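Trainee: Given next are the chains, with one letter for each unit.
Number of protein chains: 2
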Amino acid sequence: MKISSRVRLSWPAVFGVLLALGPVTVRSDEGMWTFHNPPVQQLKERYGFNLTTEWLDHVRLASVRFNDGGSGSFVSPHGLVLTNHHVAMGQLQKLSTSGKNYARDGFYARTRGEEIKSPDLELNVLISMQDVTARVQDAARKQTSEAEALQARKAEIARIEKESLDSSGLRSDVVSLYGGGEYWLYRYKKYTDVRLVFAPEQQIAYFGGDPDNFTYPRYCLDMALFRVYENGGPVESKHYLKWNPGGAEAGDLVFVSGHPGSTERLKTVAQLEAERDHHLPMMIRVLNRRLETLKRYGQRGSEPARQAANQILSIENALKAFKGELDGLLNPGLMKKKMKEEAEFRTLVAKNGDLESRYGGAWDELRLAQAQELERAKETFFRTLRGARLPTMALTLVLYSQEVEKPDGERLDGFHESQLESLRFRLLSPAPVYPELEIELLADSLNESLEQLGPNDAFVKAVLQGRAPVEVAKELVQGTKLTDPAFRKTLLEQGKSAIAGSKDPAIELARRVEPAVREIRKWHETKVESLTASAGEKLGKARFAVYGRSIYPEATFTLRLAFGTVKGYPMNGTLAPPKTTFFGLYDRARSFALKPPFNLPERYDQKRDQLALATPFNFVSSADIIGGNSGSPVINRAGAIVGLIFDGNIESLVGNYIYYEETNRAIAVHTAGMTEALKKLYGAAALVDELAGDARQASQ
Amino acid sequence: MKISSRVRLSWPAVFGVLLALGPVTVRSDEGMWTFHNPPVQQLKERYGFNLTTEWLDHVRLASVRFNDGGSGSFVSPHGLVLTNHHVAMGQLQKLSTSGKNYARDGFYARTRGEEIKSPDLELNVLISMQDVTARVQDAARKQTSEAEALQARKAEIARIEKESLDSSGLRSDVVSLYGGGEYWLYRYKKYTDVRLVFAPEQQIAYFGGDPDNFTYPRYCLDMALFRVYENGGPVESKHYLKWNPGGAEAGDLVFVSGHPGSTERLKTVAQLEAERDHHLPMMIRVLNRRLETLKRYGQRGSEPARQAANQILSIENALKAFKGELDGLLNPGLMKKKMKEEAEFRTLVAKNGDLESRYGGAWDELRLAQAQELERAKETFFRTLRGARLPTMALTLVLYSQEVEKPDGERLDGFHESQLESLRFRLLSPAPVYPELEIELLADSLNESLEQLGPNDAFVKAVLQGRAPVEVAKELVQGTKLTDPAFRKTLLEQGKSAIAGSKDPAIELARRVEPAVREIRKWHETKVESLTASAGEKLGKARFAVYGRSIYPEATFTLRLAFGTVKGYPMNGTLAPPKTTFFGLYDRARSFALKPPFNLPERYDQKRDQLALATPFNFVSSADIIGGNSGSPVINRAGAIVGLIFDGNIESLVGNYIYYEETNRAIAVHTAGMTEALKKLYGAAALVDELAGDARQASQ
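Chains as they are written, first to last, in numbering that gives the first Met the number 0: chain R, 0 to 699; chain D, 0 to 699.
This is chain R alone, in the form it adopts within the complex:
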């Protein structure tokens, strides 16, 4: 389970831009390829597959980004979108109440009338891609300092996005690839009327719970179906993936089209060491603490447990991922390989006088950036309002009211003209807020900031004003009206003066901390981000010069194509199989005597005799994926869907830094398993009919 793109995605924002450094030696099934630089040659040489523009366009237009951190795809001509239960989990949680727990019990709309609208789900479909490298880099080149260059780049990006938005009406994002070696304008069709159609019980979607998460063999029906509406009716989705109910077979070439969140494969050795020795251990400590708080809260009763459930899953998932990554970095073999690659890259740059003079200084710049980052790492991390939703919304409102007054190019990231619509959509979400949980989370994070920064830190002083964290948290949560989306809307519309004058305790607190937050952000931008951006661009260009352009960039939560073979791998002394079956689900459940998290929903016992137990359930392939790819379709040569990515194996966690074809596996739900379950267990024949409408063509 890879909810974690959400967690992952907050990471670069805190620790600086991801960098494209060092050499890439692409061979085998490695790579998360952009659709404008697809692995045409690799597929031809390795698989004899002819990757056509038609195939690529079709797959791209059928692929969907879940803006809250996952992927999906259109699977019917009437707007049906398939993703994971755990990607849908955020919405399921928000749609649930103390009376109806869709997140736990699942949901099935037998008619369109029963489909229910998600409170704040935005889906994106990538419509076009345009190279804007020259514009962005030219803007920076005229500047004399790195800080000015960073500013100029950001301003130019904002300008491009705004122009594009105005001219096309499409969501327009400039994406930095190859550490700034390239910039691309991605335009997205945006959908915000997205309705829930089907979700199974969480028990079966997440069978095996935290223990089985990120492992294989696996037995999870981690699926959910939404329907995209436009103008009140289902969208006619011309580009959708045909359902292949036979599904993937061992040895098949398969593709994954989705939105990997982030990778750190090209970080320098020094950066990886900092990750290993500072950032990851700190993240793990922070998350362990938050997990404890959530679990303590959940123990108060069934309703608190329900409220905390999604966040607990999310954090357990992130923790397991981070620990796997840390284990990877602690493996001397990995570091040795990274050192060797870096040494080779540096040698190749040094050999060429021109390259050396232009780019050779990048490693020192990065070392400097990193040394500076560590100087104020705690403030960077703990001078934030985090964990709870209300104070975060308040701070967003306060910053918003000031940022929108500035010229677009000078605003903080996240407040550019082109980003405002999505920001407003999230900010005005009608999703429920749980006040008691808010108090716990805010009190805990304030306590943590106090412990980490001490009472004399500017942020701590401003936020606590000498009081106890829990008092501050209670006062804020109990006093604020921000739980009401209408109140947020009013503030948003009234703008700067209204927010500056608001007596709402959340807004007041946000105003108090604003200077300290801005100060550390500015400091980070000047001392860290500008250096890493400049060095990143240098190394990106050096890499192009040395290794050519047939390489893939780090993941950026933008659309990528991966490919691989359905195959097992050596595991713990034996072999992991290419696929699993329903037999295995019942074995694992019984082998733990049905104790949670290995218990099964009732229907799985009641209707067992109707199931063809040998039906494939989950399967693995060597396709190169990472958090954010959750919900991605697995696609066959014919462009039909044969599976649904929902996880990576434990051996793939190190994939954040390095891809090992022998053991790195993407785990997917098999289309045969989904078909069998929908039909035999959920009485969802109508859905199967819609999916398999043209199964005959798809299986060709």
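These are computed hints drawn from the structure, not numbers from a lab.
Fair warning: this is a prediction, and the values are worked out from it, not measured in the lab.
Check the hints yourself; a few may be wrong.
When chains are identical, the list treats them as one kind, so a pair holds in a single copy or across two.
[Stated by the list, open to error] No farther apart than 20 Å at their CA atoms in a straight line, the calculated lysine to aspartate or glutamate pairs in the EDC-like style are these: (1) LYS488 <-> GLU402; (2) LYS566 <-> ASP209; (3) LYS594 <-> GLU248; (4) LYS93 <-> GLU302; (5) LYS594 <-> ASP251; (6) LYS473 <-> ASP503.
Chain D: place on chain R using the hints.
Mentor: Only chain D this time, still in chain R's reference frame:
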């Protein structure tokens, strides 16, 4: 699968006596306890279990040693003995012909008349145990050199064994425990009329083959049933384990009574380093080479494949074990722990002037012994006739004819008066010899000796006489009459002069190599064995002095009691369950699309609907076992049998050196699974009736 006690057991013979060195810190479920020093206190404290003499006596007398390398137990009052298919494999192979492949296809005697006699299977039941430490140590104390002391010990042991044999008629073995800190006379009731009753297909006994071997979760019906006869009729086995068809459950306290072959938990750090850097890598090279030879031979056709099958299994098993052990030793954590323990032990010895002066020199003696051993390690290993059976029998005959002329105490190990009956039984086995396979194995081992020792080595010169290994091998195998057991019997009876004058080419070759073989054996005894024996005794005594006597000795293929809990363990990022079910068998088979070694015997598809798939099939416990324990019963508090040990998990391979309770697991077939399979798949209701005759009492 742990056939390997056979391989294991040849190891100490080559590399010297196993030593009991360093401290033992027994806690938790660790330990392979002798029945004369059982873990009474641990069981009381940890499990509240009162281990009585009655319980111990009953279990001991129901326990059976398979002299060709495994364990078993009486499970009915009429001589039925349960063991593993892979322990029975040697006999199954010997009973098979090109027409009837019992090893592959299984066997079931529906009536007593159909039960077939094993050609050379000797079973032992431990009747009594007597401490003879004083006699043996006193004999040695009077000597002035270590070589003389060794000789005196051996002579005294032979005397004790002979006396006991004469007075009791029982097989009498003096066992060295605690590295010579104690000597015990074990008397065995010996059975040699052992008839095959039931074996399933090898496919299901060894489901998952080499990949799944030594791993878990597992799905193997690794069982076989023999019946012990005496005087032409089934023996009335008063002491047998009652069959508990419910079997073990998660959380249960269980016991394992069996014959662990050898362990090296108390070796010094220097010895472990030699193991890691020399012995294990050499063994792995040697076995890889033999495996290749066997596989090449097996590829000639189905009959050659049948002939080589058992040895291939055996070697694959040993290789996987050795590789696991080597991995363990290459783990710096393990070595660090061993160093720490050794340092603590030495400090405790050094603190006590008396101990230091008596035993403190042992470490240096061992270092010397080891340095000397490495000087001629290759000759020790490669100056032997190995791999093929005919030359080995010839050499045994030649040595036998001379050794029996000497006073008992001066003979080579293996030729003492008390050992002759078992030796003759093996030597006169009617088991088939496969001449073509003999040629391949002998030629290969001669080639290997030539390559390792060079053409001028005394052994190589004597054996080859300048000819090519394959020529020598062909001449020997094609010319010898040793394939005929009657011919061997004649030679054995005619004795020294007949063997000295024989023109049989195998005997001639054995005579030629005899001096070189004796020379290196003698050298090894003087330079290595006598030192390690003396140092071992010192350290054994030092350990008693420092840590007391409530410790268990290294495994010695004698009867031991282990105990533990039925429980899963953390594995590869998730949890391994306490048990598996038949569901899992079908899952694993299908998950590999029924490709060997994951294919199933026909009846498993045909009769699947009749099986209760949720029936437990295999399970794990924390009982401390090792190679040789194969076939051991798993016993509950009431003394009933609840399972059948057949393997350890991959994490237990390091158990040769260290026991980790968190991950070390013994794998067993569940009695419920055996009952279900016998009844529903094999139509062996009569057997189930015999087993479950008094199931009601057993489940109490």
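Trainee: Quick one: LYS488 to GLU402, C-alpha cut-off 20 Å, is that within a copy, between copies, both, or neither?
Mentor: within (17 Å within a copy, 103 Å between copies)
Trainee: Checking an output row: LYS93 and GLU302, CA cutoff 20 Å. Within, between, both or neither?
Mentor: within (14 Å within a copy, 67 Å between copies)
Trainee: Quick one: LYS566 to ASP209, C-alpha cut-off 20 Å, is that within a copy, between copies, both, or neither?
Mentor: Between. Shortest inter-copy distance 19 Å satisfies the 20 Å Cα cut-off; intra-copy 24 Å does not.
Trainee: Within a copy, between copies, both or neither: which one fits LYS473 and ASP503 at a CA-CA cutoff of 20 Å?
Mentor: Only inside one copy: LYS473 and ASP503 sit 13 Å apart there, 99 Å across copies, limit 20 Å.
Trainee: Quick one: LYS594 to GLU248, C-alpha cut-off 20 Å, is that within a copy, between copies, both, or neither?
Mentor: between (32 Å within a copy, 14 Å between copies)
Trainee: Between the shortest in-copy and the shortest cross-copy C-alpha distance, which are at most 20 Å for LYS594 and ASP251: within, between, both, or neither?
Mentor: Between copies only: 17 Å across chains, 36 Å inside a chain, cut-off 20 Å.
Checked against the numbered hints above, the structure violates none of them.
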